[in-house]
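Participant: Chain by chain, the residues run as shown.
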Amino acid sequence: MSIKVGIVDTTFARVDMGSVAEKTLKEIAPNALIYRYTVPGIKDIPVAAKKLIEEKGCDGVITLGWVGSTLTDKLSYVVASLALQLVQLKTNKHIIDVTVHEDEAEKPEELVKIALDRTVKHCRNLVTLVTQGGEGLRRYAGKGLRQGREDVGPLTKT
Amino acid sequence: MSIKVGIVDTTFARVDMGSVAEKTLKEIAPNALIYRYTVPGIKDIPVAAKKLIEEKGCDGVITLGWVGSTLTDKLSYVVASLALQLVQLKTNKHIIDVTVHEDEAEKPEELVKIALDRTVKHCRNLVTLVTQGGEGLRRYAGKGLRQGREDVGPLTKT
Amino acid sequence: MSIKVGIVDTTFARVDMGSVAEKTLKEIAPNALIYRYTVPGIKDIPVAAKKLIEEKGCDGVITLGWVGSTLTDKLSYVVASLALQLVQLKTNKHIIDVTVHEDEAEKPEELVKIALDRTVKHCRNLVTLVTQGGEGLRRYAGKGLRQGREDVGPLTKT
Amino acid sequence: MSIKVGIVDTTFARVDMGSVAEKTLKEIAPNALIYRYTVPGIKDIPVAAKKLIEEKGCDGVITLGWVGSTLTDKLSYVVASLALQLVQLKTNKHIIDVTVHEDEAEKPEELVKIALDRTVKHCRNLVTLVTQGGEGLRRYAGKGLRQGREDVGPLTKT
Amino acid sequence: MSIKVGIVDTTFARVDMGSVAEKTLKEIAPNALIYRYTVPGIKDIPVAAKKLIEEKGCDGVITLGWVGSTLTDKLSYVVASLALQLVQLKTNKHIIDVTVHEDEAEKPEELVKIALDRTVKHCRNLVTLVTQGGEGLRRYAGKGLRQGREDVGPLTKT
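Residue numbers (UniProt numbering), protein chains in the order written: chain A, 1 to 158; chain B, 1 to 158; chain C, 1 to 158; chain D, 1 to 158; chain E, 1 to 158.
Where hints are given, some of them may not hold.
Quick partial rundown of chain C residues pointing at chain D, CB under 10 Å, derived from the structure [unchecked claim]: (1) 11; (2) 37; (3) 47; (4) 112; (5) 115.
Simulated from the structure, these hints should not be mistaken for laboratory data.
Just so it is clear, CB atoms sit at the ideal spot from N, CA and C, and this is done for glycine as well.
When you get a sec, could you build the whole thing from the sequences and use the hints?
Facilitator: Encoded structure:
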């Protein structure tokens, strides 16, 4: 049985993370049905994610936000991100809320790198959660994994 | 079949964005039924938007807030904006939450320019979302579009 | 048919805005039934407003909060104000969330002036919204009205 | 008919405000049934308050939180306090959300004084609200009452 | 009758707090059924906690988050933590929302120590709450207990 995965991305973003996610999901879950929904900015994402779950029957969604560096942008991030929590709690489905913040890097090429790495890794996380539930990531628990940058690793040896 | 679009604006705003939105919507969606609701300030917007959707049957709403530059204003923005998320999640309709912040520009004429540009562009976004769903903005995904200012463009060539 | 209007005020406030609201409402809406509910502080306001709507049948409510100047006070403002949004969205009734912040003015007499002006003007706003809906304030849309201070006016001539 | 009042307190607090509240409530409402629920910290308070109302039938609850002075502590305060609003709106019962913040005073003895005064005065407020509704505090409206410190009084003579 | 306890942990964390919690719970509640759910980061925790309660029937859950030191991390903490409140209020079950913040200590070994101590002590708190309700922690009320560090004790003798 194939899974259904949703992608919500924005026209505000400066990297086409949606297409990267689409390509990645097709590679790691070739049988998955993929639904994509493009909105203007991060505050338009939550209702789109909800519609993908409720109207398209998605088993999980990855959302790809791009956040400016002003205080207003940060506040909008809180608003959008909290609404994504509400969608998850309403539907009992995972939504991986990926965001790239413009204050994460000084150079554009670094921001691009963060966006691509974060998108790809979180696509994998989403597929693992959707197909294997809470067991699939067990072996990485506490391992200091990072998306967007290199893993920092655990602070202790186990 | 014509669409129904709601506009919520405020008496606090220093630019009559509601009339601009009304005019813009009539141009780009001549058959649309347009409902307008004017409230005092941003914290009065969410229930008005909800009433336009539930009582007038609007398929989508554009809200036009004006936000002062104090910390209290910013906090009120969070409050209003989060409530607009709740309305969207309750109704599964898009509400484009347009706000102009007084700290975005130093000169009044620049604020006016931002307000007009943002209103017009987001009217287009709303009509696209309401009439074409998540597909309509696909070709602009990750293109660094901006409302209120010129587009900044994508960081990568695709 | 007379309207029912609720007033929620606090013992924390340093101006008896509740009595001012009561007097103002009686003047501008002589047939209105007025319900008043006094609570200790702003965080006690939302449930009181909800009770006035659900148990007394109020068509709209004005709440009169007084906010200290510490970070904790500001955070409490967010909490109370967001809860007032929830009440509005639950009941589809307008609640005008009036607050006076102690950092708005240095001199006590100025704070008093702000409190009185804001209360009176928002009483008018509430009655307009309750009796005329979203049309009543249309002519002031984008006019830069202020409550607590003088109107700043629009930035453009229309 | 006796009222039922709930007390939620924490092991994080450095003053046993729960016992103070219990003693105070017994003095001012000798016939009241008192339920007490002790949790680790402020984020554990809301569900406890909800259970006291829904499972024990409490007519009102006083919660006694103690908040550290870091940014994380302040954010946790927002989270807990907002959740207490949700409980109130769900149940239509007053919950007086008492908190003592470690940055309110420099000396421990002053913090103790604040904690005791605030607890005692808010117990009185709760009993008044539960037994007399929105009328009971009317005569103190706008009087600048404070809990934890001396009343500051009104800014105007009425 | 055995209790069911859930553990939600992350791959972002740099200490395997989930395994520590699992071991601790087995020691202090040998008959407990333990369910573990590993997610990428803190924003993925709330829906996992909800699923453990609703789908596995957990009587209580401990969540183990790791929070970076940027403003964005702090905001994500608020978002996740507030969502955990919503899960508690929806289910009337305690969720102990444990988080370790990277700005709590300068040295890695100190962070590890905090993580371990906090996890162990809060496992005890959870079992006490689940098995004894609001009475179990009564004797520690106001005692200035700390998790992650040594107890600071009460400010007054009782």
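Participant: Taking the earlier hints as the rules, which of them does this structure contradict?
Facilitator: Violated: none.
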